[in-house]
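Participant: Sequence:
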Amino acid sequence: MLPMPKAKQILQKNITIGTLRWDVPLSSLTTMRIGGPAWAMVQTDNVDEIRCVYDLVAQKEIPLFVLGGGSNVVFPDEGYPGIILKLPLGSISTEVRDKDRVAVTFSGGYLSQLAAQKTVDLGLTGFESMYGLPGTLGGAIVMNSKWPAGKFMTGDVLESVQYLRPDGSLTTMRHDELDFSYGHSSLQNKKGIVTQATFVFSQDDPKEGMRRCMEIMEYRKKTQPHGVKTAGCVFKNIGKNEQELHDLPYGSSGYLIDQAGLKGTRIGGLTVSTVHANFFVNDGTATYADYRALVEKVRQTVYDKFSVKLTEEVYAVHH
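So in the UniProt record's numbering the end of the sequence shown lands on 319, straight run, no missing numbers.
Since the hints were made in silico from the structure, they are not lab data. On a predicted model such as this, the values are computed, not experimentally measured, just so you know. Don't take each hint at face value.
Unchecked claim - Computed list of lysine to any residue pairs in SDA-like fashion (alpha-carbon distance at most 25 Å, straight line): (1) 297 x 274; (2) 190 x 61; (3) 309 x 223.
Take these sequences, add in the hints, and give me the full structure.
Facilitator: Now the structure itself:
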């Protein structure tokens with residue numbers, strides 16, 4: 001095992017100046033704005049530099065976390081005693097497949113919101129539901145991000161991903177290999193990184209596409225907290241079978257939390273949103289302890305009322 005000073009020297013020698021930072025506050029990299037400093041952050045899409053990070057992690061057994069746009073994740077107040085690997089925005093390329101279909105390849109660090117805007121500008125349809133979503137496409141693929149109510153999922157229009165494994169090998173994975181389901185892909189159980197992704201879209205009138213984007217954005221503003229510090233939906237919705245088992249009219253976690261009388265419930269600097277109960281809002285003073293306490297209070301209260309065990313959708317990183 002390498003001592004940490006030696007590990008630091010290896011990073012400084014092999015990672016380009018400007019892409020390597022030390023003691024980065026994770027509260028500045030996540031949408032919930034909670035989290036202490038990371039030991040190091042490497043922001044690069046250079047495959048050789050990413051391989052260097054993986055090699056170092058394997059030698060030293062240093063913790064590694066691949067971070068997208070910072071939504072759906074919360075870090076401890078003590079920080080993260082390892083390396084945060086983050087892709088930059090990167091590039092985009094297009095390929096006309098036939099008169100009706102166009103393939104677009106994005107880098108894994110491309111922002112979901114910008115991807116929606118770009119495809120609409122190109123006269124393509126299929127990503128309008130991404131409009132207004134935080135995070136990156138790489139993260140959206142791993143989580144199979146969905147909107148609204150699971151009617152659209154990222155995997156629906158995905159053709160393939162380029163995937164860098166922890167052993168440094170680069171592979172292409174097709175849609176069928178990714179085991180997409182509601183809020184899930186097989187990549188959630190892996191330690192690699194999506195370096196780029198190819199989606200296939202149908203052609204459409206850009207004005208119609210933008211009209212749909214605006215409708216989706218307006219719906220978001222009406223039904224979700226907007227312009228505040230939140231990680232996104234805290235809990236997954238329950239499945240149809242469980243909904244029927246408990247004779248519930250809806251399987252939405254937000255509905256269950258609301259019906260349990262938890263809207264507006266506050267612990268420390270964190271509150272259950274009064275707009276959508278499946279969002280926790282940070283007033284700027286919330287801690288990781290506040291988050292864990294509110295999660296457990298909500299989970300227990302919902303269980304006491306409905307006998308339903310809510311499963312977290314936000315990934316809470318342990319120190």
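Participant: Now, for every hint given, state plainly whether the structure supports it.
Facilitator: Status of each hint after checking the structure:
As the CA atoms of residue 297 and residue 274 are separated by approximately 16 Å, the hinted pair is consistent with the 25 Å bound. Using a Cα cut-off of 25 Å, the hinted pair residue 190 and residue 61 holds, with the two alpha carbons roughly 16 Å apart. Of the pairs offered as hints, the one joining residue 309 and residue 223 holds, with about 24 Å between alpha carbons and a cut-off of 25 Å not exceeded.
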